[in-house]
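**Q** Each chain, written out:
Number of protein chains: 2
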Amino acid sequence: MVNDKYSILFEPLKIGPVTARNRFFQVPHCTGMGHLRPKADAATRAIKAEGGWAVVCNQETEIHPSSDLTPFPEGRLWDSRDIPALRLMTDAVHAHGALAAVELVHNGNHASNLSSRAPVFAPSDMAVDNIIPKQAKGMDKSDIRALRRWHRDAARRAKTAGFDIIYVYAGHHMTLPQHFLLPNMNNRMDEYGGPLENRIRLIRELLEETKDEVGDTCAVAFRFAVDEMSGADGMQASEEGRAVVEILAELPDLWDVNVSDWSNDSATSRFMPNEGYQTPYIEFVKQVTTKPVVAVGRLTSPDRMVSMIKRGVTDFIGAARPSIADPFLPQKIQTGRIEEIRECIGCNICVASDNMGVPIRCTQNPTMGEEWRRGWHPEKIETKGKETEALVVGAGPAGLECAMQLAKRGYEVTLAEACADLGGRAVLEGSLHGLSSWKWVADHRIYDLQQRGNVKTFSQSLITAQDISDLAIPNVFLATGAKWRRDGVGRSSRRAITTDPNMTVLTPDDMMSGQLPPSGPILIYDDDQIYLAGVLADHLSSAGYEIIFATPATNVSPWTENTLEQAQIQRTLIKRGVKLILGKTLTQIYADHAQLSCIYSKSEQPVEMASILLVTERRRKTELYDILRKNSDDTPFKKLKLIGDAEAPGLIADAVFSGHMAARHFEKSQSTIEREYFRREIIALEGN
Amino acid sequence: MVNDKYSILFEPLKIGPVTARNRFFQVPHCTGMGHLRPKADAATRAIKAEGGWAVVCNQETEIHPSSDLTPFPEGRLWDSRDIPALRLMTDAVHAHGALAAVELVHNGNHASNLSSRAPVFAPSDMAVDNIIPKQAKGMDKSDIRALRRWHRDAARRAKTAGFDIIYVYAGHHMTLPQHFLLPNMNNRMDEYGGPLENRIRLIRELLEETKDEVGDTCAVAFRFAVDEMSGADGMQASEEGRAVVEILAELPDLWDVNVSDWSNDSATSRFMPNEGYQTPYIEFVKQVTTKPVVAVGRLTSPDRMVSMIKRGVTDFIGAARPSIADPFLPQKIQTGRIEEIRECIGCNICVASDNMGVPIRCTQNPTMGEEWRRGWHPEKIETKGKETEALVVGAGPAGLECAMQLAKRGYEVTLAEACADLGGRAVLEGSLHGLSSWKWVADHRIYDLQQRGNVKTFSQSLITAQDISDLAIPNVFLATGAKWRRDGVGRSSRRAITTDPNMTVLTPDDMMSGQLPPSGPILIYDDDQIYLAGVLADHLSSAGYEIIFATPATNVSPWTENTLEQAQIQRTLIKRGVKLILGKTLTQIYADHAQLSCIYSKSEQPVEMASILLVTERRRKTELYDILRKNSDDTPFKKLKLIGDAEAPGLIADAVFSGHMAARHFEKSQSTIEREYFRREIIALEGN
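Going line by line, the protein sequences match chains A and B. Take the first sequence: its position 617, counting from 1, is numbered 667 in this note's numbering, and each next residue is one higher. Take the second sequence: its position 336, counting from 1, is numbered 386 in this note's numbering, and each next residue is one higher.
I should point out that these hints are in silico values taken from the structure, not numbers from a laboratory. Everything numeric in this text was worked out from a predicted model, so none of it was measured. In this text, a Cβ means the ideal position worked out from N, Cα and C, and glycines have one as well. Just to be clear, a hint being listed does not mean it is correct.
Residues on chain B that point at chain A, a partial pick, calculated with CB under 8 Å [unchecked claim]:
hint, residue
1, A177
2, M235
3, N248
4, Q579
5, T604
6, E697
7, I733
Please model the complete structure; the sequences and the hints are all you need to start from.
**A** Okay, structure coming up:
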């Protein structure tokens, strides 16, 4: 069944005492579920195993209360009471023939221990890694002995929980073993500090002791960041990064290598558009060790995967984000359904979920994180009920997803789009600088719809209420989207901002529809504070416009701290010469200038410009819905539902989810829908 | 037993169908425990009931998944599965003779529904209240009907859970009933928008329906913010605030009134030093309604409490923070132990815990939140074991607390302090502008120690290792504190910053010991980013110095967003003329200027100044410990322990906790200590 071209990807490979059935390796990634949502987490991991991954890892798993990441729900293996929850995952992963791996972690000063109140540890005395009023204690010898004991105990518990592969983790600037390695964080004078042989000592001990404890039946993997991506100021792949691999070469059973910190490892497509971007840093590793190597870099192209293995860059195709966007990626390659792969667009909404402390979300895969709670499967959906036809109005992310899932369910689907192109905001935003991969949200769905015989698609079809009546389709889903407001109403002002009619006022919709601003400086006012205003500033400044960027936030696009992009966004705008005015609200727009007001002092500041681009808030487009609903007595609708931004504006991920959910819920009883809604994990009241 | 003067505070009072045994009313407050830590939460509430409060409320309790505050663990009553966890609280509160109250909430657009993924609701379409990429949907009539049904259902569940008082909640800018009331958030054109009679409709319906559903046995309380504290731009107590009370006067069984938003209601002592600060806003309420009224304002003085009741300002003495600092406040008044009250210092560490999504902490009361996990009682501690003597070196927050608790346990305690005054950083920081109440941390403990016959206190006693050997006390607790670094090492630089010896380099310790900076501008460099640098800027600028404030953060004292102070701090500094340089690290100190570097672009900026005050990181003072430990073979120590900032620098709250824990753990086995450490609440694996 496997295309010969890809057969190398499906060759088994031994990892220490265990054997992976193929070369697809879901490296550890967080889910925002962890110890607070173990059933949901187990179901998410199980779907990966079902989709063909040979190895499915969990996420960083705290080994002791002195590594307490509360309120972020990662893995936890503090004592034997945590074993049953993790056993859910290993059983589920094994049931689908995959190996289960656990990423043991002590986070050192990356953990703030806000719940456990244990002292925070670091190689040397220093502040904690977050803006939290604590300092870490430089570990004394007894602390190090205790740490080694905790790690060994946790490895034993992990084995009991059924894991096949046990990680020692030195990456992402987030773990004690890496902290000991970095001269910048380790100024110890004893045998754990100074030369590399000393700074590597803790890692060697942890690897040896883990092998000693569980190595008879479990493989011991070492996750290691070979480069800090800060040049000579940090560890470099060509210098100490390589030396570490040379020193420890044959000690672990597997090398899982990447770059540090997290923002570099999990770079977004906006700043790192090409897959395989980590290859230059990690390709030396296989030359130094005979042990299998796993590498990442947002890999989704089977040809590149084959090439990486054939060229000796890696043995396993590692993936976090591509396995989230498409858990069935291996199976689709194996069964020759390459075109059906839902490619990761590199938007880091998955990362953002974890950073917000909530369950994982994905723009491309609306079932991600919903496998247990709603019983959603990324590739399967219930066959239709009694109804036969559905009309979807609007072919943006919500409409496309809804139409595709309704078609999968077997309905005759009519999809009507007012514009010439399908895709809505996925295509419009995808036309902006840095966001081109966002178009894949549309591409995947348009391709799918084209394959189906039960879908009629009309573009450039602005549909009216009368048209809908004439069509006589009784089930109507309205994905009519939202428009950015032109009146200044937003977070900072619930009232329209007084505006001189002689000033050109622009919105993001104007820009995305190709309108050109008048010559002269453009003031971009970002009261939205998510990502779009920063993208537009980048887009317009790279097109040669003079940009002034004003916002009530104290930095640019503050929400993008969650996607690990904030610093790079602001750095880019500064480099482009964008003038930043932070911590200011817009109070009035005159013919040739705007008045801004300090959020703290209310002191006013005028800014001269030729046009103003308002990124404040969106208005739902519900005109059609409102007309149809008013006529509901006369019209034969069995179902009339707003979806996507027309229901509640959010991310593209939210729109896709909304469209998906509407298709799933269609013809379901309200009680079924509510049951899914309320399925959740709660605290046990018995026991301690 | 009750002093006649205070007897009015202990008169019972009817609230609808139930009766409060006295006038002490713990109003709803968050604990950061809620539905994730129900056993811990129940134990915290039970301690309040034991301490004499007549009414003990829980915290805002979500009534439906469309009010989902995840990841913040508040109360939850989405369906009947949540009843048993809340029953733990009502049973525990009833066991001590108090009434239990529940604060039902629908948070509208203050909830982001990041876990439930339900649409966010608001009176009208608008962005959500946090920097989250979602907009709320203006509720249609069916949404409002659903909301009313959810509230009624939740009230019924609350009654089943054993609550005596059920709240309708319109306060803190955080709830839908208040959002409907505010013209700024409600621009509806129907019978729920426009004139006040319409905007109040939802509240009236919720009150009526709650009474209808549970009013036979439960009292229905209305929590209402009478003033938004933004003058004519918002609701004012003298205008619509009063009108609301007039319209609804006799409808609820109890009026719980305060000011909005949360930062105004829970104002810190730094900006609102006097207790009773809400009285001018709420004192009209009792003139308008015959129903009992509860009011707050960080009330801890029994004389003021009596006066407020006698003057007809309130019927109940409401308290959140004072009940956290001293759960036994009512009992201490009743039994004439006024001097023993641990007064709330108004630091908002309790609020910060909730804002960080972790269990509640208190500077004054180290047992807060630890009642269940560690079995700690605020007024009781185990009697000593076999040991008889203990030496505590250092009388800062950790040393004072440790000595006090050891003395309570019955040891002969020797407390030695190097300085003339006891209190350490509580007194030193307490000398700075705005922090004077922080001295109460020391005052409370010094008073307590003075009452005891088994404590010898020596001040101005710089103790040496030899002295300790000579004393021959086998158990030594070293609370030697920490000093601010003078070399620039901190979050942004792990290496010392190159410094010209001709520049005067100051530290916070210099300032707190009374040293005067040289004349000329002072550059305060805040790499700590917590609170102290902002306090020093305020202190020195109010003393007439010219201040330049530079920090890598993008606003002043970013951590104080957790204590609800950030905006006011920055506003104050701007008003004082402090020059702010944000988003910059310090790279080098010259004889007459410093070089700063943009955290984004690395572009350099020189700043001229006459002196520089470095607020970067602290160095633990462990010299004595290091000497004693090295001599451990020759010396007879059974116990030698670092506590407080000398172990790991943190907040004063952390130091008090550390001293308390050391006293509790003294003579306990390691296994007992570890059992407490690991006691926690985990997810149930059976059921849905």
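**Q** For each hint, tell me whether it holds in the structure or not.
**A** Checked hints:
Below 8 Å, beta-carbon pairs count as interface contacts, and B:A177 has one with chain A at about 5 Å; its hint therefore holds. Because the closest C-beta pair between B:M235 and chain A is about 7 Å apart, less than 8 Å, the hint holds. Hint status for B:N248: violated, given a least beta-carbon distance of 18 Å to chain A, over 8 Å. Taking 8 Å as the C-beta cut-off, the interface hint given for B:Q579 holds, the closest approach to chain A being about 5 Å.
The closest approach between the C-beta of B:T604 and any C-beta of chain A is roughly 4 Å, which is under the 8 Å cut-off, so the hint is satisfied. Taking 8 Å as the C-beta cut-off, the interface hint given for B:E697 holds, the closest approach to chain A being about 6 Å. Interface hint at B:I733: satisfied, since its Cβ lies 5 Å from the closest Cβ of chain A, which is below the 8 Å cut-off.
The structure fails to meet hint 3 from the earlier list, while all remaining hints are met.
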